[in-house]
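Asker: If you want the building blocks of each chain, they are given just below.
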Amino acid sequence: MMARPARALLVGLAVVGAGIVVAALRVNQYVYFAGYVVLQYVVIATAWNILGGYAGYVNFGTPAFFALGAYTAVFLIQSTRAPLPVLILAGGLVSALLGLGIGYLTLRLRGVFFSIATLALSIVLQTMIINWEYVGGSRGLSVIRPSGPPFGSYVTFLFTVMVLLSVVAVTVARFIERSWIGRGLAALRDNEEAAECMGVPTLRLKLFATTVSGFLLGVAGAPFPYYVTFVEPNSAFNLDYAVNALAMPMIGGTTSWVGPVIGAVLLGTAQQLATVTISSEMNLFIVGVVLVAFVVLAPEGILGLVRRLRGR
Amino acid sequence: MAGTLLEVDGLTKRFGGFTALHRVSLSVRAGERFGLIGPNGSGKTTLINCVSGALAADGGRILFEGRDITTLAAHRRTRLGIVRSFQIPKPFTSMTVRENLGIPLEYAAHARSPAGHADAEAAEILRTIGLEAKAHLRPAELTQIEMRKLELARAMAARPTLLISDEAMAGLSSVEVDDILALLFRLNEQGITIVMIEHIMRAVMRFSERVVVLDAGERIAEGTPAEIVRNPAVEKAYLGE
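Read top to bottom, the protein sequences are chains X and F.
In this text, residue positions in the first sequence follow the numbering used here: the first is 5, and each later residue adds one.
In this text, residue positions in the second sequence follow the numbering used here: the first is 21, and each later residue adds one.
Just so you know, not all the hints are guaranteed correct.
What the hints assert, rightly or not - One side of the interface only, derived from the structure: several residues of chain X facing chain F at Cβ under 8 Å:
#: 1; residue: W184
#: 2; residue: R187
#: 3; residue: G188
No lab work stands behind these hints, which were simulated from the structure alone.
No residue lacks a Cβ here, since even glycine has one placed at the ideal position from N, Cα and C.
Kindly produce the complete structure, drawing on both the sequences and the hints.
Answerer: Structural data, given as structure tokens:
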């Protein structure tokens, strides 16, 4: 028998390896293009769930964190043409700072009021970006990809990077879930006052959750400028991110790291298929219908559904 | 005589223009069974919230084992050994009974002692309190008294030096009240100091060695249960003139 962490590491490496193999296959470029979006949602849903699922603080401000990662990258591309790993790290760190900030909001705002505040945050940030000419303002900005990716085309390369980021995000989420941190977050999700009285440092754990969640959301956004090559506020701050970040974990199941992955893969793929076959406007419609169905019929998501079926 | 464990000195708490506690002082001795009574709205729960750290005091000091804890965060007070149970049970609903105990064992008890036998400890507490058969149920599946017991079991898992029991018996039948009382007596024999807040006079008078009475945010009497029963000020507070 292998130790659990070693096994988890192997699984992670296998996924990255599989990603590289897929990248090496050089199938239709669209597959990588669409695959990138699905994987990006794996990162986003997983990151969102660390705060929303584990700690129970529903963040409607996903676009703010995602776009902050993207615009940090734009700024660095404009100013220094920094390499992609630097963009990703910087995007993550800036969004982590924003996460730390909203962590302090939880001192006064709980439940729906916290959610409203995060939604407002997204709007405020978008307004600021619209008025910042250096990163393109409201007109947006064309970003030129660096010439000569390490391998394949640039889209295949970005696809592989996103595979790696997904594995990192999921590993982090899984580690948190199974550690004392995850147990403490679950306690404060159930009852914050009781958790604090049972010795759980609720504020510190919440700050940790908002910061890590923010970091990963920023990480997801940082490669975005090179992916779309044209960044403008409406696409970077798209409401789709807020809705999907919430819907995917809800559909998969919020109490485990697997939930957001299942939700992101299913919903993300369905959206990509609908975009090609029906219309690009079908995206949100699908999310809406599926989300309502799940909230009514399977409030604990697919994981809860599986658990219930097994129980009988 | 044993030393002072908890000392509340001139504690004041205001909510806007309303003074919920006005310069309340009291001290609880180590190992004591201490009763805190008073009519509805007299400030009992506010006082407990200030002592446990859920509310910040506006004036006065709180000392525990001689240390000033007035501004300490609630979870730190729990780790020092001040543990409370809630008037309305607040279980961790997504966890089983056993997992509910795991949180204080991990976060409060082991912050003080590095021992890591959480499972054995949880089992022992559940046995003491009579919930061992329910260890794998979720709180929603428990009866009212079992919920109260879980509340106490969870408090015990934090390994308190001082246990503050906030109306642990409200709404229970008289047999169930005796059940909880016996449990609290047993905990006290193990050396845990207990502050009981209760409306059920029969229980609090039987349990307490010393009683303090609050009325409208002020301390109006202190004494043995027998003295309190005869105190005219207490009678006036409860029944009017």
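Asker: Quick check on W184/X please, does its C-beta sit within 8 Å of some C-beta on chain F?
Answerer: holds, 6 Å
Asker: Interface hint check: G188/X, Cβ to nearest Cβ on chain F, cutoff 8 Å. Holds or violated?
Answerer: Because about 6 Å separates G188/X from the closest Cβ in chain F, which is inside the 8 Å limit, the hint holds.
Asker: Let me know if the C-beta of R187/X comes in closer than 8 Å to any C-beta of chain F, holds or violated.
Answerer: Hint holds; R187/X Cβ to chain F Cβ min 6 Å, cut 8 Å.
No hint from the list above goes unmet by this structure.
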